[in-house]
Amino acid sequence: MKTLILAEHNGKELSPAVQQAVTAAQFWQAPIDLLVAGGNDAILQTAASIQGVTRVIHANAAHLAHPLAEDIANLVVSLAEDYQVILASHSSYSRNVLPRVSALLDVAMISNALTIQADNTYTRSCYAGNVHYVVQSIDKTQVLTIHGSNFAAASLGANTEIINIDAPAAFTKTRWVSETHNLSHRPALSSAKIVISGGRSLGSAEKFEEVLSPLAAKLGAALGATRAAVDAGYAPNDIQVGQTGVVVAPELYFAIGVSGAVQHTYGMKDSKIIVAINQDPDAPIFQVADYGLVADLFDVVPKLTEEVNSRN
Amino acid sequence: MKILVAVKRVVDYNIKVRVKPDGSDVDIAGVKMGVNPFDENAIEEALRLKEQGKATEVIAVSFGSTANHDVLRHALAMGADRAILVESAEKLQSLGVAKLLKAVVLREQANLIILGKQSIDDDAGQMGQILAALLDYPQATFASTIKLDGNEAIVTREVDGGTETIALDLPAVITADLRLNEPRFVKLPNLMMARKKPIESINASELGLDIQPRLTLLKVNEPPVRKPGIKVNSVEELVSKLRAHEGIQL
Ligand SMILES: Cc1cc2nc3c(=O)[nH]c(=O)nc-3n(C[C@H](O)[C@H](O)[C@H](O)COP(=O)(O)OP(=O)(O)OC[C@H]3O[C@@H](n4cnc5c(N)ncnc54)[C@H](O)[C@@H]3O)c2cc1C
Ligand SMILES: Nc1ncnc2c1ncn2[C@@H]1O[C@H](COP(=O)(O)O)[C@@H](O)[C@H]1O
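Note that the protein sequences, when read in sequence, are chains A and B. Just so we're aligned, residue 4 is where the first sequence starts under my numbering, counting upward by one. Just so we're aligned, residue 149 is where the second sequence starts under my numbering, counting upward by one.
A few of these clues could be false.
List of simulated lysine-lysine pairs, DSS-like, C-alpha gap at most 25 Å [said to hold, decoys possible]:
#1 K196/A - K375/B
#2 K275/A - K375/B
#3 K168/B - K367/B
#4 K295/B - K176/A
Derived DEER-like restraints, expressed as beta-carbon distance ranges [as the list claims (entries may be wrong)]:
#5 A208/A - I176/B: 34 to 44 Å
#6 N63/A - P376/B: 51 to 61 Å
#7 R343/B - K306/A: 52 to 62 Å
These aren't lab readings, by the way, just hints derived from the structure by calculation. The beta-carbon is built from N, C-alpha and C at its ideal position, and this holds for glycine as well.
Using the sequences and the accompanying hints, generate a full structural model.
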């Protein structure tokens, strides 16, 4: 039996998390197929270059230009018979599609597996990361998303065969209307080496930008935010870090004016080094921080920006 | 048009749950419980659609034991018209709940089903998608706005990197993100009134569905805690300490 990876892309590039999914898939020591739905040549070339992949399967059809969960799920299910394992890296894309796949196959899906163990056993995090569950599946097909940052990225350099297949007919009861992208010149949040997150205490969208941007620019960092900052309109929703936002695990994470609610720390506590700046010495964020600075962020962030060297 | 809302009873989001000493499960005896936060957004949105004249009835449904009466009463107190409890002696898992929910949707002939995007205990984020698949209905997950226009729902979804807007033919399944709305507060008189409303009960076993668990819980662990850190006194000290770390260039 084989393993199928649903390869995410944004129409322009393959998601770097696909490389982590390949490493995760290697656990089963079975041939690994990568399914690319829609996409362009560059995406296929990157997919074909990932080491450890047996075949790249390319499904193309006009209705895959803007992937809808219903169409992608039907495509995956049309191939499912040959596979014992179907997986993807955890993201808003795979979370939309794979539960649908699992239901059509009548199997339970494992969301965001932290580890993969023998005999279809997985560790998952529950209760905003306060608890880890070890669960074993009795289903014959394993459908799961993996916690990307727990798996090393498979390297590139291969030249794998690409096979073209037809996609099932469009679902049509759902139609794509439009999309917006929060354009940013900064690195992508989920793969950035340094992340600088700000909280409600920044006070306004202008201050959020004015205080945090120069530091982010100097360090080549991505910006993140708490839910409180996003809800207040200081930062776009797609940079919310936490239980209900993005989970990050960079080399270095700055929590600036962030209280450290569990829903937030869920999204960043696996960072290698955590720095917290908060004026309240008892703020819970200091319990997860390697280095804590009790200070007014409006005083110390500009100083910090001055102190560090530009990494560009 | 009927809207069905799925309401889950979960540990209050402010509470840090503990693992039982034998590692068999979490210890939630005596812990404060409440409506899954995302489900409050789902109820709120259904009520607003009704207030706009787009829906005629809002039905709240929950799956589990009679302990779930409290979350259903909360939904009634917010303004739901009716509440249904599907009772099951066995612990339910996502696929089982979705099958039961499908049966309720078909029985009620609901045109729109709104769920939370994820439950804050299991953090699964699957139910809406599973339900939509079982019903062969269109789905819109992580909704931040919903507009109903005749037989169509226009939904804006929060996705990585931005938003996506899609149009769905009804009947359809939508899952609510926190930014969909601000749930209303429940006033005490409404809560008192909700206590008097009947809650319909359905026995899961009477529906004749395969709701056997597919996942066996082998063990529950506390995640590894981070080593305690240190406080630094100045920006200079912070930067020099960080520079001392291998691989960090500042
Ligand atoms: C179901 C659910 C899901 C959630 N999901 C998420 C999620 O994914 N991500 C998330 O982040 N939150 C999430 N939350 C919200 C979370 O519980 C907290 O409310 C939120 O993280 C708090 O954001 P904050 O730290 O910016 O604000 P606050 O809690 O208000 O903290 C502000 C902090 O700034 C400090 N401060 C103020 N002024 C200064 C200054 N001048 N200098 C330095 N420090 C200063 C204060 O001491 C305080 O600690 C969720 C909540 C629920 C109920
Ligand atoms: N036992 C349950 N009773 C009622 N609704 C549920 C139950 N389990 C899940 N749901 C619904 O499904 C949504 C997503 O849950 P999940 O897929 O478990 O993260 C929740 O926000 C609820 O709306």
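Satisfaction of hint between K375/B and K196/A, Cα-Cα up to 25 Å: Cα-Cα ~21 Å, so holds.
Agreement of K295/B and K176/A with the hint, judged by alpha carbon distance not exceeding 25 Å: Since the Cα atoms of K295/B and K176/A sit roughly 16 Å apart, the hinted pair holds (cutoff 25 Å).
Distance restraint hint 34 to 44 Å, applied to the beta-carbon atoms of A208/A and I176/B: 40 Å, holds
Cβ distance range 51 to 61 Å for N63/A and P376/B, holds or violated: Between N63/A and P376/B, where Cβ atoms are some 53 Å apart, the hint holds.
Restraint status (C-alpha distance of K168/B to K367/B at most 25 Å): The hint holds at about 10 Å.
Restraint check for K275/A with K375/B, where alpha carbons must lie at most 25 Å apart: Answer holds: K275/A to K375/B is near 11 Å, not above 25 Å.
Beta-carbon spacing of R343/B to K306/A - inside the hinted bounds 52 to 62 Å or not: 58 Å, holds
Going through the hint list in order, the structure satisfies each hint without exception.
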